[in-house]
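Student: The lines below spell out each chain.
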Amino acid sequence: MAAPDHLMASEEDGRAAAWRARAVTRTHRGRAALTLALAVLTFVAVAVSVQHIGSFAVSQGIASIAVVVLGAVAALAAAMVLVIAARAFLKSLASARSADVYAARALGAEASMAAWQALSWCGALLIVTAGAWFMVVNDAAVSRTFFDLALIRDSASKVLWAFGTNIVIFAVSAVLIVIWSLLVAVARTLPGDAGRPLRFLAIAYGDLFRGLPAIITIYLIGFGLPLTNLPVLSDLSSTAYAIIALTLTYGAYTSEVYRAGIEGVHHSQVAAARSLGLSHFKTMRYVVVPLAVRNIIPPLMNNCISLQKDTALVAIIGTIDAFNQSKIIAANNFNLSAVTTVAILFIVVTIPQARFVDRLVERDRRRIRAGG
Amino acid sequence: MALLEIDGVTKHYGTLEVLSNLSLSVDEHEVICLIGPSGCGKSTLLRCINRLEEISLGEIRIHGDRITGPGVDLDRLRRDIGIVFQGYNLFPHMTVLQNTTLAPLKVLGMKRREAEDRAMAFLERIGLAHKAGDYPDRLSGGQQQRVAIVRALMMDPMLLLLDEITSALDPELVAEVLDIVRDLAARGMTMMLATHEMGFAREVANRICFLQAGKIYEQGPPAEIFGNPKGERTQAFLRSLKKAGRL
Numbered sequence: 016m017a018a019p020d021h022l023m024a025s026e027e028d029g030r031a032a033a034w035r036a037r038a039v040t041r042t043h044r045g046r047a048a049l050t051l052a053l054a055v056l057t058f059v060a061v062a063v064s065v066q067h068i069g070s071f072a073v074s075q076g077i078a079s080i081a082v083v084v085l086g087a088v089a090a091l092a093a094a095m096v097l098v099i100a101a102r103a104f105l106k107s108l109a110s111a112r113s114a115d116v117y118a119a120r121a122l123g124a125e126a127s128m129a130a131w132q133a134l135s136w137c138g139a140l141l142i143v144t145a146g147a148w149f150m151v152v153n154d155a156a157v158s159r160t161f162f163d164l165a166l167i168r169d170s171a172s173k174v175l176w177a178f179g180t181n182i183v184i185f186a187v188s189a190v191l192i193v194i195w196s197l198l199v200a201v202a203r204t205l206p207g208d209a210g211r212p213l214r215f216l217a218i219a220y221g222d223l224f225r226g227l228p229a230i231i232t233i234y235l236i237g238f239g240l241p242l243t244n245l246p247v248l249s250d251l252s253s254t255a256y257a258i259i260a261l262t263l264t265y266g267a268y269t270s271e272v273y274r275a276g277i278e279g280v281h282h283s284q285v286a287a288a289r290s291l292g293l294s295h296f297k298t299m300r301y302v303v304v305p306l307a308v309r310n311i312i313p314p315l316m317n318n319c320i321s322l323q324k325d326t327a328l329v330a331i332i333g334t335i336d337a338f339n340q341s342k343i344i345a346a347n348n349f350n351l352s353a354v355t356t357v358a359i360l361f362i363v364v365t366i367p368q369a370r371f372v373d374r375l376v377e378r379d380r381r382r383i384r385a386g387g
Numbered sequence: 644m645a646l647l648e649i650d651g652v653t654k655h656y657g658t659l660e661v662l663s664n665l666s667l668s669v670d671e672h673e674v675i676c677l678i679g680p681s682g683c684g685k686s687t688l689l690r691c692i693n694r695l696e697e698i699s700l701g702e703i704r705i706h707g708d709r710i711t712g713p714g715v716d717l718d719r720l721r722r723d724i725g726i727v728f729q730g731y732n733l734f735p736h737m738t739v740l741q742n743t744t745l746a747p748l749k750v751l752g753m754k755r756r757e758a759e760d761r762a763m764a765f766l767e768r769i770g771l772a773h774k775a776g777d778y779p780d781r782l783s784g785g786q787q788q789r790v791a792i793v794r795a796l797m798m799d800p801m802l803l804l805l806d807e808i809t810s811a812l813d814p815e816l817v818a819e820v821l822d823i824v825r826d827l828a829a830r831g832m833t834m835m836l837a838t839h840e841m842g843f844a845r846e847v848a849n850r851i852c853f854l855q856a857g858k859i860y861e862q863g864p865p866a867e868i869f870g871n872p873k874g875e876r877t878q879a880f881l882r883s884l885k886k887a888g889r890l
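Protein chains in written order, with the numbering used here: chain A, 16 to 387; chain B, 644 to 890.
For the record, the hints were derived by calculation from the structure and aren't laboratory data. Each hint should be verified, as a subset may be incorrect.
Unchecked claim - Straight line, CA to CA, 30 Å or less: simulated DSS-like cross-link-like pairs of lysine-lysine:
{"#": "1", "chain 1": "B", "residue 1": "K749", "chain 2": "A", "residue 2": "K297"}
{"#": "2", "chain 1": "A", "residue 1": "K297", "chain 2": "B", "residue 2": "K774"}
{"#": "3", "chain 1": "B", "residue 1": "K873", "chain 2": "B", "residue 2": "K858"}
{"#": "4", "chain 1": "A", "residue 1": "K297", "chain 2": "A", "residue 2": "K173"}
{"#": "5", "chain 1": "B", "residue 1": "K754", "chain 2": "B", "residue 2": "K774"}
{"#": "6", "chain 1": "B", "residue 1": "K858", "chain 2": "B", "residue 2": "K886"}
{"#": "7", "chain 1": "B", "residue 1": "K873", "chain 2": "B", "residue 2": "K886"}
{"#": "8", "chain 1": "B", "residue 1": "K885", "chain 2": "B", "residue 2": "K873"}
{"#": "9", "chain 1": "B", "residue 1": "K754", "chain 2": "A", "residue 2": "K297"}
Could you build all of it, start to finish, from the sequences and the hints given here?
Tutor: Structure follows, in structure tokens:
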């Protein structure tokens, strides 16, 4: 049995109005109020921290201009968050007052968005502030240990010079690895019965050196080969041993990357090449490997970054690379700031490459989405 | 003597028999069209002839010389037997000119100048000379397939295998590819085509072979096969094509 028309309409209106009211105002206002409270707290925390840490830094002889600029930036950021939060709250109030449901909804959405924004800024600022406190507590024990600016300045040239060794090790091994791992990958993909012995050898090599920790390979080769009394091999420099060890280790990883690329080339391409009378090796040389390399540049670059970092492992066999040099300085001064320099050097070198790889991957993804 | 003799060839994948004691002989300058339902073995037969697939029983001869079994120089064999695939399979990292000159340069040892002149002459003939420097992804399917045909012709094959070369094309691009095949037929190129283009098969073929379950069920001149098919299966196949508006 149907209810009378006017009754249904009023019921509908009541429910709709309640739903709108709830949807528009209450959550937005609550969130905005909470955010405003948190923003006030954050501002106070940042202001107190800037004042306290700033005066401490100045008393430690850090240029007051730098302190003032940094402090101002932090305070300004906190103030900006406060403004965003306040506007979010005002908008949520306006939304509650508005008679027009749609305008109210739009205002509420804006208030909500601004509140979320302010919240995430609050979180970030509080984390940074906590980090700043971590650096200065206990009479700045952390900063002194890791960031002794005077020591960093004095030792920088020595560390930088030693970093040249890392670069040499990296550059030479990178070239060797690209060639060596391609040979291994080709051996790994040899066809038929005739290819089996070399195929197995390539598999054994890959399993062995991917299983061995790089540091152990470096240790065994760097200290082992000199003991063998073999001509040439026992008289190399520790840098050369490092290069051999890293080439063997990374050759195993990189050959797997190559192999994935080679096996990823569609078999129709191989069929086309072989049908033209190209031999297995000519097919590899002119068709499969060029196509494979295109597909594996991002993972190759990742290996490359990883190799750069692992050049620091050669410190274990006494090569005077940047890490070893900085360890010597650290031991002499009872302070790790020189090691921090090395850390910064590695980061500065690798970050642009990491971003470059990201862009390559993104470009590939776009190309695949575009359909080839 | 026939150019190509297929003698009692059987091919199976595991327990699935794709070609079943199939025999066929092709004379020089003949154009043979293989027709039949999907899975009847047309493509497999073509791929066995240039030994992309190995046969299980029987033998295949070119000019009386057995090309199946061990000890055959496959690279040498494939120089003489060209194949064009349904999916074009152009090398995506090479320009049209590089695609067409790769095999002459690296397999025949032709001089670059000579190979490029030859390729340009072919590309001119099919109206794609202006695309010589482009990569395959800049070409339409029809253009890619025409380049793939030129790539095969560059080796000057004595037999050309065409494996459903228009099946992957949009309908409006089919004609430009078939024009080339028609032209090749007129020039006396020996060809075997697996095809679903019945109108074209009727026009260009000297002989139609209807394959059914890995066997040649019926063969004969186009007029006979299309006009007055004897076998019950052939009749049924052609009836179903008519119903689908493909004949």
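Student: When the hints from earlier in the document are held up against this structure, which numbers fail?
Tutor: Result: hint 4 breaks, nothing else.
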